[in-house]
Amino acid sequence: MRVMVFVPGDKNSEAGVMPSEELISKMTKFNQDLVTAGVMLDAQGLRPTSKAKRVRFSGSQRTVTDGPFAESKEIVAGYWIWQVKSIEEAVEWLKRAPFDGGIEVTIRPIFEPEDFGKQLSPELRAKGQKMRAEIERQRKS
Amino acid sequence: MSSGATHEAIEAVWRIESARLVGALMRLVRDVGLAEDLAQESFIAALECWPTTGIPVNPGAWLMTTAKNRAFDHLRHQKMQQRKHAEIGNDASDLSPAPSDLELAADDDVGDDLLRLIFIACHPVLPKDGRAALTLRLLGGLTTEEIARAFLVPEPTIAQRIVRAKRTLAEARVPFEMPCGPDLPTRLSSVLEVIYLVFNEGYAATKGDHWTRPELCQEALRLGRILTELVADEAEVHGLLALMELHASRLPARIGASGEPILLLDQDRSRWDRMLLHRGLAALMRAEALKQPLGPYTLQASIAACHARAGVPEETDWGRIVALYDALVELTGSPIVELNRAVAVSMAFGPAAGLELVDALIDEPALKSYHLLPSVRGDFLMKLGRHVEAGLEFERAASLAQNSRERDLLLARVGESRTRQTTRHVADVRE
Numbered sequence: 111m112r113v114m115v116f117v118p119g120d121k122n123s124e125a126g127v128m129p130s131e132e133l134i135s136k137m138t139k140f141n142q143d144l145v146t147a148g149v150m151l152d153a154q155g156l157r158p159t160s161k162a163k164r165v166r167f168s169g170s171q172r173t174v175t176d177g178p179f180a181e182s183k184e185i186v187a188g189y190w191i192w193q194v195k196s197i198e199e200a201v202e203w204l205k206r207a208p209f210d211g212g213i214e215v216t217i218r219p220i221f222e223p224e225d226f227g228k229q230l231s232p233e234l235r236a237k238g239q240k241m242r243a244e245i246e247r248q249r250k251s
Numbered sequence: 039m040s041s042g043a044t045h046e047a048i049e050a051v052w053r054i055e056s057a058r059l060v061g062a063l064m065r066l067v068r069d070v071g072l073a074e075d076l077a078q079e080s081f082i083a084a085l086e087c088w089p090t091t092g093i094p095v096n097p098g099a100w101l102m103t104t105a106k107n108r109a110f111d112h113l114r115h116q117k118m119q120q121r122k123h124a125e126i127g128n129d130a131s132d133l134s135p136a137p138s139d140l141e142l143a144a145d146d147d148v149g150d151d152l153l154r155l156i157f158i159a160c161h162p163v164l165p166k167d168g169r170a171a172l173t174l175r176l177l178g179g180l181t182t183e184e185i186a187r188a189f190l191v192p193e194p195t196i197a198q199r200i201v202r203a204k205r206t207l208a209e210a211r212v213p214f215e216m217p218c219g220p221d222l223p224t225r226l227s228s229v230l231e232v233i234y235l236v237f238n239e240g241y242a243a244t245k246g247d248h249w250t251r252p253e254l255c256q257e258a259l260r261l262g263r264i265l266t267e268l269v270a271d272e273a274e275v276h277g278l279l280a281l282m283e284l285h286a287s288r289l290p291a292r293i294g295a296s297g298e299p300i301l302l303l304d305q306d307r308s309r310w311d312r313m314l315l316h317r318g319l320a321a322l323m324r325a326e327a328l329k330q331p332l333g334p335y336t337l338q339a340s341i342a343a344c345h346a347r348a349g350v351p352e353e354t355d356w357g358r359i360v361a362l363y364d365a366l367v368e369l370t371g372s373p374i375v376e377l378n379r380a381v382a383v384s385m386a387f388g389p390a391a392g393l394e395l396v397d398a399l400i401d402e403p404a405l406k407s408y409h410l411l412p413s414v415r416g417d418f419l420m421k422l423g424r425h426v427e428a429g430l431e432f433e434r435a436a437s438l439a440q441n442s443r444e445r446d447l448l449l450a451r452v453g454e455s456r457t458r459q460t461t462r463h464v465a466d467v468r469e
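As you go down the protein sequences, you meet chains A and B in turn. Taking the working numbering, I'd label the letters of the first sequence as residues 111 to 251. Taking the working numbering, I'd label the letters of the second sequence as residues 39 to 469.
No wet-lab data here; the hints were simulated from the structure. Ideal Cβ positions, reconstructed from N, Cα and C, are used throughout, including at glycine. Heads up, a few of these hints could be off.
Some chain B residues near chain A, calculated using beta-carbon distances under 8 Å [to be verified]:
{"no.": "1", "residue": "E46"}
{"no.": "2", "residue": "A47"}
{"no.": "3", "residue": "A50"}
{"no.": "4", "residue": "V51"}
{"no.": "5", "residue": "R53"}
{"no.": "6", "residue": "I54"}
{"no.": "7", "residue": "G149"}
{"no.": "8", "residue": "Q256"}
{"no.": "9", "residue": "R260"}
{"no.": "10", "residue": "L261"}
{"no.": "11", "residue": "R263"}
{"no.": "12", "residue": "I264"}
{"no.": "13", "residue": "E267"}
{"no.": "14", "residue": "M313"}
{"no.": "15", "residue": "G349"}
{"no.": "16", "residue": "V350"}
Not everything, but these chain B residues come out facing chain A in the computed CB check (under 10 Å) [to be verified]:
{"no.": "17", "residue": "T44"}
{"no.": "18", "residue": "A57"}
{"no.": "19", "residue": "N96"}
{"no.": "20", "residue": "G178"}
{"no.": "21", "residue": "G179"}
{"no.": "22", "residue": "E253"}
{"no.": "23", "residue": "T266"}
{"no.": "24", "residue": "P290"}
{"no.": "25", "residue": "S308"}
{"no.": "26", "residue": "E353"}
EDC-like, lysine to aspartate or glutamate: derived pairs with alpha carbons at most 16 Å apart [unchecked claim]:
{"no.": "27", "chain 1": "A", "residue 1": "K240", "chain 2": "B", "residue 2": "D306"}
{"no.": "28", "chain 1": "A", "residue 1": "K240", "chain 2": "B", "residue 2": "E353"}
{"no.": "29", "chain 1": "B", "residue 1": "K421", "chain 2": "B", "residue 2": "E394"}
{"no.": "30", "chain 1": "A", "residue 1": "K240", "chain 2": "B", "residue 2": "E352"}
{"no.": "31", "chain 1": "A", "residue 1": "K240", "chain 2": "B", "residue 2": "D304"}
Using the sequences provided together with the hints, build the complete structure.
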């Protein structure tokens with residue numbers, strides 16, 4: 111199974127303050143362990159919400175708001191995607207991460223293709239396929 | 039919330055720790071069977087202890103200490119025995135080193151341990167099925183039961199394969215070390231072969247009622263990913279990973295709603311896994327960037343990449359695929375590759391050209407009971423409008439197929455060829 115692990119942001123990440131060298135080196139080691147174990151599929155860090163935008167939907171109206179966004183508890187500062195055998199394996203990996211200070215990190219299982227699939231109508235599938243083809247074309251050119 | 043650990047959590051720790059545990063123990067005891075027994079004992083100790091104490095802060099160290107203590111007990115015991123024998127026979131030359139010396143050697147690089155473990159599990163002295171079972175056991179931390187379920191063979195069969203493999207390694211005194219010099223290419227290709235064998239058994243199950251068994255693909259991918267970290271300078275290691283990632287990206291589209299196989303050109307490409315696809319293309323780029331002669335895995339990955347890059351089947355660069363197959367045939371001389379090449383040729387230059395190549399393979403002994411030969415031939419005949427002959431070929435293919443899903447697919451094509459025969463007949467009458 112695949113999981114996405116959300117690392118929340120805090121005042122420092124929001125202020126664009128880089129973590130200490132010690133933390134960076136611990137995190138690099140942790141990431142390397144994940145890669146060497148064949149668990150890591152992807153990892154990305156996100157810029158502070160001062161660079162972000164939000165779009166609010168209401169009926170036909172779209173309202174765009176510029177960052178930063180105050181409610182830092184819900185702010186994601188980065189994510190990992192891991193391939194694991196069970197969510198317990200993800201938990202055991204995450205416990206080894208060099209976090210501290212009461213920070214709470216969430217693991218969410220990613221939908222597998224067998225989770226839906228049948229619900230998609232042939233017309234929707236055909237549309238999806240056409241769209242992918244177009245994306246590939248653009249990527250190549 | 040209870041402080042105790044669940045069975046699942048302890049198993050998860052085992053999954054993470056077992057390979058490096060066995061690796062470290064191998065350096066102490068130099069015997070795969072014994073090292074694995076000791077590791078298992080520490081796992082059982084954890085199963086007894088952790089449900090009440092909870093998982094320790096550093097579970098890996100806990101397991102390692104427990105296992106090492108048992109290893110030292112064992113070595114001490116062994117030494118005492120040897121001393122007794124020595125006293126009787128007055129020969130002290132064969133004493134094992136004292137545990138204290140060994141302990142010094144016990145904290146080397148974990149990566150090296152893992153790699154040596156992979157090499158020993160995939161040692162050419164072992165039969166292929168023994169290599170696969172031992173690799174899944176030692177590197178994947180899979181239980182005998184899990185391996186048996188994955189390969190659809192009875193548990194005692196797998197247990198026996200593993201026991202025999204361990205005994206063979208002990209009898210042949212296979213050292214726990216990195217192969218070097220002229221040995222390395224052969225040893226590495228055996229490792230790649232085992233990983234690919236595991237992957238393929240998951241990707242196109244040769245037996246049973248399911249067309250794919252994704253858990254085997256996942257295990258093989260994991261091993262492939264580990265290997266690209268440990269042997270980063272070998273192009274074929276990246277080539278194999280690229281091939282597996284690209285093939286695995288198609289898994290979601292390979293099975294229809296009722297479990298039936300869907301062939302590449304009929305697949306809904308929107309269901310291909312984009313993440314795996316792009317990881318595959320990236321691994322292929324790493325393989326090519328090493329500027330080594332293109333090996334069979336890299337060539338096959340390049341072929342898979344041609345499909346991956348085509349948004350719709352009509353965009354497939356069949357000309358390039360034929361050229362890649364040419365190189366692959368030259369390299370491997372495999373009749374199965376020639377059969378695949380015939381398919382590519384038919385796509386590039388029409389079914390008649392493909393049929394000519396397949397007809398040349400009919401007497402090939404290696405393909406005598408290979409169901410895809412009549413299946414491919416039937417497909418070409420069908421496209422050429424020779425429906426009666428096509429039907430016969432599909433029937434033959436169905437009788438040779440061992441996977442029930444695949445057999446159903448072939449029988450459906452038999453039916454299709456019959457319908458076409460009738461339609462054709464009606465059309466003829468009207469004319």
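We went through each hint and held it up to the structure:
| no. | hint | result |
| --- | --- | --- |
| 1 | E46 | 4 Å, holds |
| 2 | A47 | 5 Å, holds |
| 3 | A50 | 4 Å, holds |
| 4 | V51 | 5 Å, holds |
| 5 | R53 | 5 Å, holds |
| 6 | I54 | 6 Å, holds |
| 7 | G149 | 6 Å, holds |
| 8 | Q256 | 7 Å, holds |
| 9 | R260 | 4 Å, holds |
| 10 | L261 | 7 Å, holds |
| 11 | R263 | 4 Å, holds |
| 12 | I264 | 4 Å, holds |
| 13 | E267 | 5 Å, holds |
| 14 | M313 | 6 Å, holds |
| 15 | G349 | 3 Å, holds |
| 16 | V350 | 5 Å, holds |
| 17 | T44 | 7 Å, holds |
| 18 | A57 | 9 Å, holds |
| 19 | N96 | 9 Å, holds |
| 20 | G178 | 9 Å, holds |
| 21 | G179 | 9 Å, holds |
| 22 | E253 | 8 Å, holds |
| 23 | T266 | 9 Å, holds |
| 24 | P290 | 3 Å, holds |
| 25 | S308 | 4 Å, holds |
| 26 | E353 | 7 Å, holds |
| 27 | A:K240 to B:D306 | 10 Å, holds |
| 28 | A:K240 to B:E353 | 12 Å, holds |
| 29 | B:K421 to B:E394 | 14 Å, holds |
| 30 | A:K240 to B:E352 | 12 Å, holds |
| 31 | A:K240 to B:D304 | 14 Å, holds |
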